[in-house]
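Asker: What follows is each chain in one-letter form.
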Amino acid sequence: MPEVNEIKLETRDAITVMDIRGDVTAFSEPFLNDAYQSANARGTGKILLKFDSTAYINSGGIAVLIQVLAQTQKNKQLIGITGISDHFKKIFNMVGITKFAKIYESLEDALKQMA
Amino acid sequence: MPPHLEEQIIEITLPNQVGYERIAMASAATFAKMLGLAPERIEDLKTIVAEASINAMQHGNKDRPDARVSVSMMLKSNSIHVAVADQGKGFSTFLPDPNIERIVNELDPPVGFGTFLIRQLADQVDIEKTADGTNIVRMTIKL
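Going down the list, the protein sequences come from chains A and B.
Going left to right, the first sequence walks through residues 1 to 115 as the numbering used here numbers them.
Going left to right, the second sequence walks through residues 116 to 258 as the numbering used here numbers them.
The set of hints was computed from the structure by calculation and includes no laboratory data.
Do not take every clue at face value.
[Claimed, not checked] List of simulated lysine to aspartate or glutamate pairs, DMTMM-like, C-alpha gap at most 25 Å:
hint : chain 1 : residue 1 : chain 2 : residue 2
1    : B       : K257      : A       : D86
2    : A       : K89       : A       : D23
3    : A       : K74       : A       : D86
4    : B       : K177      : A       : E29
[Claimed, not checked] Derived coverage of chain B by chain A (criterion: at least 3 residues anywhere in the stretch with Cβ under 8 Å from a Cβ of chain A; other residues may be distant):
hint : stretch
5    : 154-162
6    : 176-188
[Said to hold, decoys possible] One-sided and incomplete, this derived list gives chain A residues near chain B with beta-carbon spacing under 10 Å:
hint : residue
7    : A26
8    : N58
9    : H87
10   : K90
11   : L111
12   : Q113
13   : M114
Note that the Cβ used here is the ideal one computed from N, Cα and C, for glycine as well.
Go ahead and model the full structure; you've got the sequences and the hints to work with.
Answerer: Right, here's the structure in full:
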């Protein structure tokens with residue numbers, strides 16, 4: 001049951017915002033990887049992953065996100081997350097994503113603090 | 116809570132394809148809402164039902180397209196009991212907890228998150244191996 005993610009890249013205050021539309025599952029891997037490679041090609045040092053607040057994120061999606069985190073660590077990039085529901089804030093904290101990416105309450109808050 | 120819900124079994128079967136776990140999630144959420152489970156615990160219930168269903172599809176049934184996954188739910192002793200059964204012989208135990216530092220440093224593969232979340236979010240988890248070798252993951256969430 002493949003799904004499609006639409007991911008828009010936007011640069012704001014030297015931060016590349018990856019605006020991820022749709023659910024995040026194992027099927028998201030090519031979309032997230034392509035978007036990350038495009039962001040990386042821009043020479044960005046800061047990346048913000050912006051999710052739909054209603055997005056369903058399962059273990060396959062978590063694995064894909066962690067692979068993106070691994071690439072940002074390798075490329076010494078700062079990464080942040082915003083837009084996720086309280087439930088997924090808890091989940092991201094449980095699995096340890098928050099050791100590598102800070103979660104911000106809003107896009108504005110993320111842009112201000114990551115600048 | 117409607118008294119007639121006690122010990123009534125809700126059972127659905129899913130095609131063995133990732134994505135259909137959402138049907139089980141929606142059913143579990145509706146059932147839990149009828150029982151008055153707190154909204155944050157309904158989200159936990161949805162996650163454990165989804166992850167156990169995906170685990171059954173991929174690891175129990177080994178992605179076999181002809182297999183099914185059965186999800187049953189019941190209120191008993193002030194807890195929601197969920198059982199997720201596969202038709203395969205794919206696993207006998209859950210994977211160990213993932214170590215995110217090792218995964219980010221590409222020392223471990225990025226696996227084990229689903230079963231980790233089940234263990235973290237459910238009040239009780241048991242894996243039962245049936246006589247014919249299939250698996251039933253039994254999970255409990257207290258009201």
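Asker: Could you run down the list of hints and mark each one as holding or not?
Answerer: Comparing the hints with the structure gives:
With a C-alpha separation of about 20 Å, the suggested pair K257(B) and D86(A) falls inside the 25 Å cut-off, and the hint holds. For the suggested pair K89(A) and D23(A), the alpha carbons sit about 15 Å apart, so the restraint of at most 25 Å is met. Of the supplied pair hints, the one linking K74(A) and D86(A) is violated, its CA atoms being roughly 29 Å apart against a limit of 25 Å. Of the pairs offered as hints, the one joining K177(B) and E29(A) holds, with about 21 Å between alpha carbons and a cut-off of 25 Å not exceeded.
Counting residues of the stretch 154-162 of chain B whose beta carbon lies closer than 8 Å to any beta carbon of chain A gives 4, which reaches the threshold of three, so the coverage claim holds. A stretch counts as covered by a chain when three or more of its residues have a beta carbon under 8 Å from one of that chain; for the stretch 176-188 of chain B and chain A the count is 0, and the coverage is violated. Checking A26(A) against chain B by beta carbon gives a least distance of about 7 Å; that is within 10 Å, so the hint holds. For the restraint placing N58(A) at the interface with chain B, the shortest Cβ-Cβ distance is roughly 6 Å, inside the 10 Å limit, so the hint holds.
Because the closest C-beta pair between H87(A) and chain B is about 4 Å apart, less than 10 Å, the hint holds. Annotation: K90(A) was flagged as interfacial toward chain B, and the flag holds, the nearest CB pair being 8 Å apart, inside 10 Å. At its closest, the beta carbon of L111(A) sits 25 Å from a beta carbon of chain B; the interface hint therefore is violated under the 10 Å criterion. Against a cut-off of 10 Å between C-beta atoms, the interface hint on Q113(A) is violated, since the closest Cβ of chain B lies about 22 Å away.
With 10 Å as the threshold, the beta carbon of M114(A) stays out of range of chain B, its nearest partner Cβ sitting at about 19 Å, so the hint is violated.
Of the numbered hints listed earlier, those contradicted by the structure are 3, 6, 11, 12, 13.
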